[in-house]
Amino acid sequence: MPVIHMRVNGNPVSGEVEARTLLVQFLRDDLRLTGTHVGCDTSQCGACVVHVDGKSVKSCTMLAIMANDCEVMTIEGLANGSELHPMQQAFMDNHGLQCGFCTPGMVMSALDIVERNGNDLDEATIRKELTGNICRCTGYHNIVKAVKAGARAMGD
Amino acid sequence: MYDFSYHNPKNVADAVSAMNEAEDGKFVAGGQTMIPTMKHRLASPSDIIDLRGIAELSGITVDGRGISIGAMTTHAEVAASSDVQAMIPALAALAANIGDPAVRNCGTIGGSVANNDPAADYPAAVIALGATVKTSKREISADDFFTGMFETALEEDELITAISFPKADAAAYMKFENPASRYAIVGVFVAKTGNDVRVGITGATPCAHRGMRLEEVLNSNFSADALESVEIPVAKMNADIHASAEYRAHLVKVMTRRAVAACS
Chain A
52 MPVIHMRVNG NPVSGEVEAR TLLVQFLRDD LRLTGTHVGC DTSQCGACVV
102 HVDGKSVKSC TMLAIMANDC EVMTIEGLAN GSELHPMQQA FMDNHGLQCG
152 FCTPGMVMSA LDIVERNGND LDEATIRKEL TGNICRCTGY HNIVKAVKAG
202 ARAMGD
Chain B
42 MYDFSYHNPK NVADAVSAMN EAEDGKFVAG GQTMIPTMKH RLASPSDIID
92 LRGIAELSGI TVDGRGISIG AMTTHAEVAA SSDVQAMIPA LAALAANIGD
142 PAVRNCGTIG GSVANNDPAA DYPAAVIALG ATVKTSKREI SADDFFTGMF
192 ETALEEDELI TAISFPKADA AAYMKFENPA SRYAIVGVFV AKTGNDVRVG
242 ITGATPCAHR GMRLEEVLNS NFSADALESV EIPVAKMNAD IHASAEYRAH
292 LVKVMTRRAV AACS
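Just so you know, the sequences run in chain order A and B. What the first sequence shows, in this note's numbering, is residues 52 to 207, in sequence order. What the second sequence shows, in this note's numbering, is residues 42 to 305, in sequence order.
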């Protein structure tokens with residue numbers, strides 16, 4: 052079986068995988084980083100969004116072997132010990148989650164939105180940019196508020 | 042998904058020879074259609090030849106006539122390219138509205154065009170702009186490239202290297218999108234160069250095609266109002282849970298009107 056190497060949240064990791072292993076399976080089953088979720092497994096819901104070489108991707112729609120030699124960031128890589136990342140804190144402060152299942156993907160997509168659109172985001176931009184992330188609890192209002200507040204906090 | 046042998050060639054020649062040696066190989070570009078298709082076991086290739094390591098297939102170059110986009114250039118890169126935005130803004134806008142941000146970071150122009158999904162956006166632009174599809178073997182004109190549902194003129198061991206788009210005087214793409222998938226229920230790309238108007242239609246029928254009746258009218262009178270008299274043949278339209286054939290025929294006209302209005 053192929054052996055792959057990557058840096059995940061700054062740490063070098065490697066593993067022997069079947070070619071068909073999805074990136075999300077490698078993260079969850081092999082590395083036990085279960086913060087990245089699988090909601091739909093059909094590229095629709097965005098619960099599995101992680102960053103590969105700084106870009107948001109759906110890790111259920113990428114083979115682990117395609118991320119060989121890449122830099123991968125997951126939700127587990129954001130907090131500094133017990134201190135939450137400003138975007139995580141904003142989701143908490145704004146009640147941007149109920150069951151929390153979609154939240155890791157929402158936060159990873161939110162960071163990508165800030166990266167490409169800056170710290171001062173309007174509601175229309177946030178809603179358009181979150182088209183690939185589905186939440187079945189909140190109705191999105193508090194998620195949008197959280198992304199806006201988190202984006203601003205990241206600029207402070 | 043069934044397992045397969047994985048190949049990661051660094052140049053086009055190695056990719057082609059890997060394909061020729063494979064029993065039932067498939068090229069993979071961004072994987073945004075191929076991986077879901079394999080998960081559903083609708084495809085079970087013996088070998089996957091991943092093109093992402095081939096640097097020569099990526100990038101955007103401009104010359105006096107237009108713009109050439111490497112096959113492995115992602116939708117996000119096309120959307121963000123200042124060259125594409127300056128030269129053919131309608132093409133940048135089309136790329137910016139495919140799927141969602143994470144899909145656009147992986148999905149590529151070459152993958153989309155080679156797959157020829159009946160509801161994909163890029164084929165409409167390739168047709169309307171009269172683009173040339175450059176492959177590992179030859180150059181294929183847009184009019185000869187798309188041959189049927191998920192079918193193209195590409196041979197089994199032939200891969201797209203770049204797509205060359207001539208600049209148009211005015212162009213616009215309008216799509217009525219499925220709100221869940223953002224695929225085109227109907228999408229119409231209109232391009233005008235001098236007095237020559239070309240219309241590319243996607244989503245409406247099993248394969249993207251030129252809107253000849255629409256072009257004929259627009260060539261003599263380039264205005265949204267001129268389209269009133271055009272009959273769109275309902276019998277040729279797709280019909281599914283998202284839209285009936287009658288509704289798609291109606292949408293072809295509405296999207297064309299909007300695209301023409303956006304051109305002028």
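No lab work stands behind these hints: they were computed from the structure. Be aware that one or more of the hints could be misleading.
[Unchecked claim] Label-pair distances were calculated between CB atoms; the ranges are: (1) K179(A) x N61(B): 26 to 34 angstroms; (2) M190(B) x E166(A): 33 to 41 angstroms; (3) D92(A) x R179(B): 34 to 42 angstroms; (4) P274(B) x R203(A): 52 to 60 angstroms.
Don't be surprised by glycine CBs; every beta carbon is placed ideally from N, CA and C.
Hints, verified against the model:
1. A hinted range of 26 to 34 angstroms for the beta carbons of K179(A) and N61(B) is inconsistent with their spacing of about 44 angstroms.
2. As the Cβ distance of M190(B) to E166(A) is approximately 38 angstroms, the hint placing it in 33 to 41 angstroms holds.
3. Roughly 39 angstroms separates the CB atoms of D92(A) and R179(B), a value that falls within the hinted 34 to 42 angstroms.
4. Remark: the range hint 52 to 60 angstroms for P274(B) to R203(A) is upheld by a beta-carbon distance near 53 angstroms.
Hint 1 from the earlier list is the only one contradicted by this structure; the remaining hints agree with it.
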